[in-house]
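Participant: Sequence:
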Amino acid sequence: MSDPARLTDLATIAADCRVFAEEFQSSLGEHVILPPSLVEHALVALVAGGHLLLEGNPGMGKQTLARWIARSVGLSFSARTFTPDLRGEDFLPPRSSGGSGRGADLDHDPPRGAMPSEVFYAEDIDEAPRSTIAALVDTIRDRPVGPDGGAGGARPLLVIASRRPAALGAVQTLDPSQLDRFLIQSHIRYPTPAEEWEIARWTRPSAGPEKPLRTRGQLAAFSRAAAALEAPEAVIGYAWALVRATRPGNELAPQFVERWIKLGVSPCGLVALLAAAKARALLLGRIEPTREDVYSMAQPVLGHRLIGNAEAAAANLTNQRLIGILLETILIDGVYARPSGPSDAAGGFF
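Sequential numbering of the sequence shown, starting at 2, is according to my numbering.
Hints are computed from structural coordinates only; laboratory data are not their basis. Treat the hints with care, as some may be off.
[What the hints assert, rightly or not] Computed list of lysine to aspartate or glutamate pairs in EDC-like fashion (alpha-carbon distance at most 20 Å, straight line): (1) K212 <-> D86; (2) K212 <-> E24; (3) K263 <-> D176; (4) K212 <-> E31; (5) K263 <-> E312; (6) K212 <-> E23; (7) K263 <-> D181; (8) K263 <-> E252.
[Unchecked claim] FRET-style restraints, in silico, Cβ to Cβ: (9) E196 <-> E293: 21 to 27 Å; (10) G250 <-> R202: 51 to 57 Å; (11) K263 <-> P130: 42 to 48 Å; (12) Q321 <-> P130: 26 to 32 Å; (13) K263 <-> A16: 40 to 46 Å; (14) D334 <-> F257: 17 to 23 Å; (15) P166 <-> A229: 36 to 42 Å; (16) E31 <-> P59: 20 to 26 Å; (17) T13 <-> E197: 37 to 43 Å; (18) A167 <-> R19: 35 to 41 Å; (19) R339 <-> R19: 27 to 33 Å; (20) I200 <-> P166: 16 to 22 Å; (21) A201 <-> S341: 57 to 63 Å.
Cβ coordinates follow ideal geometry from the N, Cα and C atoms, glycine included.
Use the sequences and the hints to build the structure in full.
Facilitator: So, in structure tokens, the structure goes:
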């Protein structure tokens with residue numbers, strides 16, 4: 002990234018992306034109070050071109066956030082509650098070889114059997130039959146639609162799905178490969194006492210900002226810029242070490258991994274972690290991700306990509322707690338050198 006003109010272009014886009022994030026948080030905050038981490042995760046998923054899985058109790062503002070995301074960048078929005086009798090054909094568009102001719106009005110009410118939206122909110126995804134969940138995941142298997150509409154008309158740009166916590170007795174039916182399709186899983190906490198007081202005092206319902214904060218073309222520029230950021234070797238090394246340390250039997254695996262983790266994070270998870278770190282950097286107005294970006298995104302990106310064993314479950318050690326222990330063990334200021342020796346992945350792993 003030594004081209005001065007390119008650096009200037011990226012810096013300009015990064016500065017505008019930061020202003021967009023600040024405007025989004027400000028406009029949203031005038032109507033509803035949500036945890037700052039949740040808002041950040043949603044914006045990272047949007048800019049990185051990933052999908053978002055929300056875990057939390059009903060009535061926590063999940064659909065409000067999804068609708069606000071759509072309207073903030075002028076994208077169409079639709080939502081569907083997943084129920085035990087829902088079928089894939091009830092909400093997915095038919096497959097076709099041609100373009101879908103999208104561009105639905107923001108308030109468009111899609112007919113049964115169609116999902117003409119670029120942001121799709123799937124509420125209580127685990128309530129649907131496995132075949133229905135598989136149909137949705139299949140639409141986002143390869144990659145989402147770009148903000149300029151150029152990647153296969155049937156796929157939405159951003160899928161935001163919600164599920165209820167397993168601690169409440171909810172049956173969680175997404176398998177590991179399906180969970181891997183979501184860039185981020187965000188756990189929504191109850192508001193703090195002060196936040197809930199403010200919610201009671203002045204929260205004003207709204208479907209979103211009166212006019213988009215940015216165009217879809219500007220969103221496309223944000224996404225391209227985030228993907229173009231280059232991570233320093235030290236940042237790659239930290240992310241690499243975190244991911245490899247989740248795998249039992251690996252040279253970096255701490256003792257707790259050998260004891261409590263059944264399956265660690267895949268190379269796809271490493272790619273996702275760096276993509277999220279780059280998007281976060283851009284949203285903060287920077288053109289280079291840092292270790293702090295990796296640290297901040299490790300919990301939401303890696304937490305749903307590993308599987309604890311029976312001993313961890315018996316000890317009530319959630320994936321989030323396991324990642325927390327990992328972050329305490331693999332130090333952010335550690336030295337993680339590039340491995341020596343030949344690589345068979347010189348042309349790309351995937």
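Participant: Has the hinted range 26 to 32 Å been met by the Cβ atoms of Q321 and P130?
Facilitator: The hinted range 26 to 32 Å holds for Q321 and P130, with Cβ atoms some 28 Å apart.
Participant: Quick one: are D334 and F257 within 17 to 23 Å, going by C-beta?
Facilitator: holds, 20 Å
Participant: Using the beta carbons of I200 and P166, state whether their distance is inside 16 to 22 Å or not.
Facilitator: The hint (16 to 22 Å, Cβ to Cβ) holds, given that I200 and P166 are roughly 20 Å apart.
Participant: Looking only at beta-carbon atoms, does the pair A167, R19 fall within the given range of 35 to 41 Å?
Facilitator: Given a distance of about 36 Å, which is inside 35 to 41 Å, the answer is holds.
Participant: Within 20 to 26 Å: is that where the Cβ-Cβ distance between E31 and P59 falls?
Facilitator: holds, 24 Å
Participant: Does the structure keep K263 and E312 at a Cα separation of 20 Å or less?
Facilitator: Holds, at about 10 Å.
Participant: Just tell me: holds or violated, for the beta carbon distance of K263 and P130 against 42 to 48 Å?
Facilitator: violated, 26 Å
Participant: Does the alpha-carbon distance linking K212 and E31 stay inside the 20 Å limit?
Facilitator: Holds: K212 and E31 sit about 15 Å apart, inside 20 Å.
Participant: Taking the Cβ atom of R339 and the Cβ atom of R19, is their distance within the range 27 to 33 Å?
Facilitator: holds, 31 Å
Participant: Falls inside 37 to 43 Å, the C-beta gap from T13 to E197?
Facilitator: Check passed, 40 Å falls within 37 to 43 Å.
Participant: Confirm or reject the claim that E196 and E293 have a C-beta distance inside 21 to 27 Å.
Facilitator: holds, 25 Å
Participant: With the threshold set at 20 Å, check whether the alpha-carbon distance from K212 to E23 stays at or below it.
Facilitator: With a Cα-Cα distance of about 16 Å, the restraint between K212 and E23 holds, given a limit of 20 Å.
Against the hints set out earlier in the document, violations occur for numbers 1 and 11.
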